[in-house]
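Trainee: The chain contents come next:
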Amino acid sequence: AQTVTQSQPEMSVQEAETVTLSCTYDTSESDYYLFWYKQPPSRQMILVIRQEAYKQQNATENRFSVNFQKAAKSFSLKISDSQLGDAAMYFCAYRSSGWETSGSRLTFGEGTQLTVNP
Amino acid sequence: DTEVTQTPKHLVMGMTNKKSLKCEQHMGHRAMYWYKQKAKKPPELMFVYSYEKLSINESVPSRFSPECPNSSLLNLHLHALQPEDSALYLCASSHRGGDPNTEAFFGQGTRLTVV
Chain F
799 AQTVTQSQPE
809 MSVQEAETVT
819 LSCTYDTSES
829 DYYLFWYKQP
839 PSRQMILVIR
849 QEAYKQQNAT
859 ENRFSVNFQK
869 AAKSFSLKIS
879 DSQLGDAAMY
889 FCAYRSSGWE
899 TSGSRLTFGE
909 GTQLTVNP
Chain C
320 DTEVTQTPKH
330 LVMGMTNKKS
340 LKCEQHMGHR
350 AMYWYKQKAK
360 KPPELMFVYS
370 YEKLSINESV
380 PSRFSPECPN
390 SSLLNLHLHA
400 LQPEDSALYL
410 CASSHRGGDP
420 NTEAFFGQGT
430 RLTVV
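So the sequence lines, in the order shown, correspond to chains F and C.
Numbering-wise (my numbering), the first sequence opens with residue 799 and increments by one.
Numbering-wise (my numbering), the second sequence opens with residue 320 and increments by one.
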């Protein structure tokens, strides 16, 4: 079974600064997808960024980028120019590539609570 | 429309009540999910429906009864719940398949309190 570990229960950052959230995972599969979801106090889980394991290039979405190290099974999220609206719980998640092989399941990490200080 | 709509947003029910949670999406997704989330914890998968058929039940107690009447709707019927069932219940939907664009879209959840 796959596991996802987020070792930082809480992080804080000053507005406009950069912060990196860590995520490691364990799997025996070679093809899979990784996601970062954000859950603000409004409760809705919002996709921040996705990474396909077969792609070497790190995904980027505006101020959000990842550092994907497949051999090390590491998938960190970097938030640049942090804004007050970035304050939320961030979950790292894993999904198998094949639907029939547990591809319907998202395996979540425990989450990192990010505080943005003005 | 990339929305998953859940109703109600808040629900308080007694242990002898019967209630239902509703979820709706119009994105053409053929996979729909129920998750349970406790405070400051990640969501836990409860059920997965694929093409309106139940494909995964994560050993959820029978006091939770899912239903998928059509490809856009997902219900969760609740009966004789316990106080420990109080949680945020999240509905999600996605395309089915191995494409990465099958990321799940989540609703805002129903905050359930069992008294």
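Simulated from the structure, these hints should not be mistaken for lab results.
Treat each hint with caution, since some may be false.
Ranges between beta-carbon positions, derived for each pair [claimed, not checked]:
{"id": "1", "chain 1": "F", "residue 1": "Q812", "chain 2": "C", "residue 2": "L373", "range": "24 to 32 Å"}
{"id": "2", "chain 1": "C", "residue 1": "E403", "chain 2": "F", "residue 2": "P838", "range": "19 to 27 Å"}
{"id": "3", "chain 1": "F", "residue 1": "P838", "chain 2": "C", "residue 2": "M334", "range": "30 to 38 Å"}
{"id": "4", "chain 1": "F", "residue 1": "Y852", "chain 2": "C", "residue 2": "S384", "range": "33 to 41 Å"}
With a cut-off of at most 30 Å between alpha-carbon atoms, the simulated BS3-like pairs for lysine-lysine come out as follows [what the hints assert, rightly or not]:
{"id": "5", "chain 1": "C", "residue 1": "K372", "chain 2": "F", "residue 2": "K876"}
{"id": "6", "chain 1": "C", "residue 1": "K338", "chain 2": "C", "residue 2": "K372"}
{"id": "7", "chain 1": "C", "residue 1": "K372", "chain 2": "C", "residue 2": "K360"}
{"id": "8", "chain 1": "C", "residue 1": "K357", "chain 2": "C", "residue 2": "K328"}
{"id": "9", "chain 1": "C", "residue 1": "K328", "chain 2": "C", "residue 2": "K372"}
{"id": "10", "chain 1": "C", "residue 1": "K341", "chain 2": "F", "residue 2": "K871"}
{"id": "11", "chain 1": "F", "residue 1": "K871", "chain 2": "C", "residue 2": "K359"}
{"id": "12", "chain 1": "F", "residue 1": "K868", "chain 2": "C", "residue 2": "K359"}
{"id": "13", "chain 1": "C", "residue 1": "K337", "chain 2": "C", "residue 2": "K372"}
{"id": "14", "chain 1": "C", "residue 1": "K360", "chain 2": "C", "residue 2": "K328"}
{"id": "15", "chain 1": "C", "residue 1": "K360", "chain 2": "C", "residue 2": "K341"}
{"id": "16", "chain 1": "C", "residue 1": "K360", "chain 2": "F", "residue 2": "K868"}
{"id": "17", "chain 1": "C", "residue 1": "K338", "chain 2": "C", "residue 2": "K360"}
{"id": "18", "chain 1": "C", "residue 1": "K357", "chain 2": "C", "residue 2": "K337"}
{"id": "19", "chain 1": "C", "residue 1": "K357", "chain 2": "C", "residue 2": "K341"}
{"id": "20", "chain 1": "C", "residue 1": "K359", "chain 2": "C", "residue 2": "K341"}
{"id": "21", "chain 1": "C", "residue 1": "K328", "chain 2": "C", "residue 2": "K359"}
{"id": "22", "chain 1": "F", "residue 1": "K876", "chain 2": "C", "residue 2": "K338"}
{"id": "23", "chain 1": "C", "residue 1": "K328", "chain 2": "C", "residue 2": "K338"}
{"id": "24", "chain 1": "C", "residue 1": "K357", "chain 2": "C", "residue 2": "K338"}
{"id": "25", "chain 1": "C", "residue 1": "K360", "chain 2": "F", "residue 2": "K876"}
{"id": "26", "chain 1": "C", "residue 1": "K338", "chain 2": "F", "residue 2": "K871"}
{"id": "27", "chain 1": "F", "residue 1": "K853", "chain 2": "F", "residue 2": "K871"}
{"id": "28", "chain 1": "F", "residue 1": "K876", "chain 2": "F", "residue 2": "K853"}
In this text the structure is predicted, and so the values were computed from the model without any measurement.
All C-beta atoms, glycine included, are put in the ideal place defined by N, C-alpha and C.
Trainee: Holds or violated: are the alpha carbons of K853(F) and K871(F) at most 30 Å from each other?
Mentor: holds (14 Å)
Trainee: That 30 to 38 Å hint for P838(F) and M334(C) (C-beta), does it hold up?
Mentor: holds (32 Å)
Trainee: So if I understand the rule, the pair passes when the alpha-carbon distance is 30 Å or less; does K338(C) with K372(C) pass?
Mentor: holds (22 Å)
Trainee: For a C-alpha distance cap of 30 Å, please report whether K338(C) and K871(F) respect it.
Mentor: Violated, at roughly 43 Å.
Trainee: CA of K360(C) to CA of K341(C), is that 30 Å or under?
Mentor: Given pair K360(C), K341(C) holds - Cα atoms ~23 Å apart, limit 30 Å.
Trainee: Keeping to a limit of 30 Å between CA atoms, is the pair of K360(C) and K328(C) held or broken?
Mentor: Holds, at roughly 19 Å.
Trainee: Verify the proposed pairing of K876(F) with K853(F), using a straight-line Cα cut of 30 Å.
Mentor: Holds - the C-alpha atoms of K853(F) and K876(F) are around 18 Å apart, at most 30 Å.
Trainee: Does the structure keep K876(F) and K338(C) at a Cα separation of 30 Å or less?
Mentor: violated (42 Å)
Trainee: Keeping to a limit of 30 Å between CA atoms, is the pair of K357(C) and K341(C) held or broken?
Mentor: holds (19 Å)
Trainee: Please verify whether K372(C) and K876(F) have alpha carbons no more than 30 Å apart.
Mentor: Answer violated: K372(C) to K876(F) is near 39 Å, above 30 Å.
Trainee: Hey, K360(C) versus K868(F), does the alpha-carbon distance stay inside 30 Å?
Mentor: Within the cut-off at roughly 26 Å; holds.
Trainee: Mind checking the alpha carbons of K328(C) and K359(C) for me, to see if they're no more than 30 Å apart?
Mentor: holds (18 Å)
In this structure, the earlier hints numbered 1, 5, 10, 22, 26 are contradicted, and the remaining ones agree with it.
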